[in-house]
Amino acid sequence: MLSAESLASIDREVAKYPADQKRSAVMAALRIALTERREQGQTPEARCLTPEVIEYVANYLEIAPVAAYEVATFYNMYDMKPVGKYKITVCTNLPCALSGGVSAAKYLSEKLGIAIGETTADGKYTLLEGECMGACGDAPVLLVNNHKMCSHMSPAAIDQKLAELE
Amino acid sequence: MAIFKSGVIFEGVDTQDENAWRLAAYEARGGYVALRKILAAQMPQDEVIAEVKNSGLRGRGGAGFPTGLKWSFMPRSFPGDKYVVCNTDEGEPGTFKDRDILRYNPHALIEGMIIAGYAMGTRAGYNYIHGEIFEAYEQFEAALDEARAAGLLGQNILGTGFNFELYAAHGYGAYICGEETALLESLEGKKGQPRFKPPFPASYGLYGKPTTINNTESFASVPFIIKDGAQKFLEAGKPNNGGTKLFSVSGHVNRPGNYEVPLGTPFTELLEMAGGMRDGKKLKAVIPGGSSAPVLPAEIMLGVTMDYDSISKAGSMLGSGAVIVMNEDVCMVRALERLAYFYHEESCGQCTPCREGTGWLYRIIHRILNGEGRPGDLELLDSVGNNMAGRTICALADAAVFPVRSFTKHFRHEFEYLIEHGKPLVDHKWC
Ligand SMILES: Cc1cc2nc3c(=O)[nH]c(=O)nc-3n(C[C@H](O)[C@H](O)[C@H](O)COP(=O)(O)O)c2cc1C
Ligand code: SF4
Ligand code: FES
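Protein chains in written order, with my numbering: chain A, 11 to 176; chain B, 3 to 433.
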C-alpha cells in the first residue's frame, strides 16, 4: 500500500526509538503515509488518510489499529477528510490577526470562491483556518500542504503564490 | 524577520547568512568549546549542575522554574535508562523564538542538550518539534547529522568514552503537546493528553523512566553558561533573573520579530527596538508573555521592565516572552473572543471543567461580541472561570481563564457597553 521509499522513511523513524517502543514512530509514519497519498492521489478522496491506510501503518508498526486511529484523529494536521491538491491553512489567531491574518483568510476565501473548510469544485484547493504556527512575527502566514510555510502573505504575495500552485 | 541585539544565544549569529546554522559557523563562534571543556576536564556532574544553578537561568518555556534546580531532581544514580527531552513544541500564540533558534543556531541547542545529558547521566535525548514548522525540523535533522559526523554525538563522543544520542521528533498539530507530560505521551506515540502529576517526569517520564524536560531556549543558554561562566550569564540580566531573553514581539509594531535583550530591559526600550507603534497609533494594551498571560493596559506596561519579577508584580507573567502589542483600534471583546476560541479548540478534553468550561467561555464571549450578551454575563464568565482554574489535570484550563479575567478586569467598560448597547464601543480594525 505504501512505496518502498515511504517504508524506508518509516524504518528510519522507528530506529530513533528503543526496540520495544516502535509505537513512538506512529506519528511520523502517519505523516509519511499522508505525504505519499497527497503526492500520488488524483482526487480529494485519494489524498487523505483512510481506515485502510491507518490499519496498514498500524500493522507495519505492530500496534493495534485503534491506537494509530486515535493518533490520526487527535492531531489536526492529519487529513481525515477529502482534501484538495493544495491545502492552504491560514493562521488567524490573535497575534496574526493583528497583522493581517484575518484579512488574508478573507482574501483567499473570496479569490478561491470557497468558505473556510471547503474545497474548490475542481478539487484543487482546500482552505482552512489554523492556530498559531509559531511564526507570528512573519504574519500573515499560511501553510501549504502542511509542510511549506509562506510568510508575509499580502494580497499580492497570495496572488503570486496561487499562480505558482498550478 | 529576525532581529537580534547582542546576547547569549544569538551573539555573533548573522541571520542573513544562509549557512549560519551549520556546524562550521557555530564552531567559528565558539561553539562546542563548552562541551570540549567539560569532557577534557571530566568535570564532575555536580559541578556542571551547580554552574547552571548559579547562573540564575530560569526555564524559558513559560513557568520560569530554575533550570539547575530541575536538573538536580534527576535521580542520577538510577541504573536504567533516563532521558533529556527538549520542548520545541512552540505553540503558545505570540511565541516564535524557538523556531529561530532551530533555524539560525541549532547547534547551541544540540550542545546544550549534550551537556545536560552529561550532567544528568542520561544516554539519550529527544527534541520534540512543533508540527507546523516542518522545514525547521528537517534542518534540525541535518544539524544532528553534522554533529554525529563530527563525533560530537553518539558513541564515544570526542574519544572520551561518553555516549549520548539525540533524535528529533515531529508533532502534527496539537497545542496541548507543549505541556510537558502531553509531550511525553505524544513521544510515546499516543494522543497528547497530559498526565496527572505527581509523579513528576524526574521520576516517571518518557517510557516511565526518569526524564528532564526543558524548553529550547533554556537548553540553548547552557553552552554560554559553561563557557563564559555562571557569573557572566547572571550579570547579563539582573538578580533572580539571570541572562538575556528572547522576546517575540508581534502585533501592531513596525518591526515584529525576535529581540534578545537583557532581562530587566524597560518595555519602552523593547518597543522602540521593534520600531515603535505601527502607523503612529496609540498603544492600548500588551499581553507580555504569550496568550495565556494576563493582558496589561498601556499605562501599566509603559512602567515595567521585561523580567520575571517586574511583570509578575504588575499582575501578569513573563511566560514564554511573547509580547503581543495592541493599538487603540482593537476591540478587546473581539480580541478575547479569538483567544477563547483557541483554548476551546485546543482543550484535550479529558477534564470536564476544561472541556466544558472552555466551550462556555467561548460561547458567552461570542454572544457578547455579537450583540446578544445578557445582563449577568460577566458574572457568569467569572463563575465559569472559578470552576475551571486549579481544578484540572494541566494548566491549560488556567491558561484559558487568565485572559478572560484580565480582559474583563482592565477593559470591563468595553464588555459592559457591548452588553448594554448591542454594539462595540471601539470600531474594531484588525490592521
Ligand atoms: C498548555 C500548556 C502549553 C505549554 N506549551 C509549551 C511550549 O510550547 N513550549 C514550552 O517550552 N513549554 C510549554 N509549556 C510548559 C511545559 O509544560 C514545561 O513547563 C516546559 O517545557 C519546561 O521547560 P523550562 O523549565 O525550560 O521552561 C506549556 C504548558 C502548558 C500547561
Ligand atoms: S486541563 Fe484541559 S487540556 Fe489540560 S488535561 Fe484537562 S482537559 Fe486536557
Ligand atoms: S498567531 Fe499566527 S503564527 Fe502565531
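Any given hint could be a false lead.
[Unchecked claim] Simulated pairs of lysine-lysine, PhoX-like, Cα-Cα distance not exceeding 20 Å:
1) B:Lys-55 / B:Lys-39
2) B:Lys-193 / A:Lys-32
3) A:Lys-26 / B:Lys-211
4) B:Lys-211 / B:Lys-199
5) A:Lys-32 / B:Lys-192
6) B:Lys-315 / B:Lys-411
7) A:Lys-26 / B:Lys-192
8) A:Lys-32 / B:Lys-211
9) B:Lys-431 / B:Lys-283
10) A:Lys-121 / A:Lys-134
11) A:Lys-171 / A:Lys-158
12) B:Lys-199 / A:Lys-116
[Said to hold, decoys possible] What follows is a set of in silico ranges between Cβ atoms, one per label pair, in the way DEER data are often shown:
13) B:Gly-317 / A:Thr-53: 29 to 37 Å
14) A:Asp-21 / B:Gly-361: 51 to 59 Å
15) A:Glu-174 / B:Gln-352: 48 to 56 Å
16) B:Thr-270 / A:Ala-74: 32 to 40 Å
Rather than coming from a laboratory, the hints here were simulated on the basis of the structure. Note that this is a predicted model, so its numbers are computed, not measured. Cβ coordinates follow ideal geometry from the N, Cα and C atoms, glycine included.
Taking the hints in turn, this is what the structure says about them:
no., hint, in the structure
1, B:Lys-55 / B:Lys-39, "holds, 18 Å"
2, B:Lys-193 / A:Lys-32, "holds, 15 Å"
3, A:Lys-26 / B:Lys-211, "holds, 17 Å"
4, B:Lys-211 / B:Lys-199, "holds, 15 Å"
5, A:Lys-32 / B:Lys-192, "holds, 12 Å"
6, B:Lys-315 / B:Lys-411, "holds, 16 Å"
7, A:Lys-26 / B:Lys-192, "holds, 16 Å"
8, A:Lys-32 / B:Lys-211, "holds, 17 Å"
9, B:Lys-431 / B:Lys-283, "holds, 12 Å"
10, A:Lys-121 / A:Lys-134, "holds, 13 Å"
11, A:Lys-171 / A:Lys-158, "holds, 12 Å"
12, B:Lys-199 / A:Lys-116, "violated, 43 Å"
13, B:Gly-317 / A:Thr-53: 29 to 37 Å, "violated, 54 Å"
14, A:Asp-21 / B:Gly-361: 51 to 59 Å, "violated, 42 Å"
15, A:Glu-174 / B:Gln-352: 48 to 56 Å, "violated, 42 Å"
16, B:Thr-270 / A:Ala-74: 32 to 40 Å, "violated, 57 Å"
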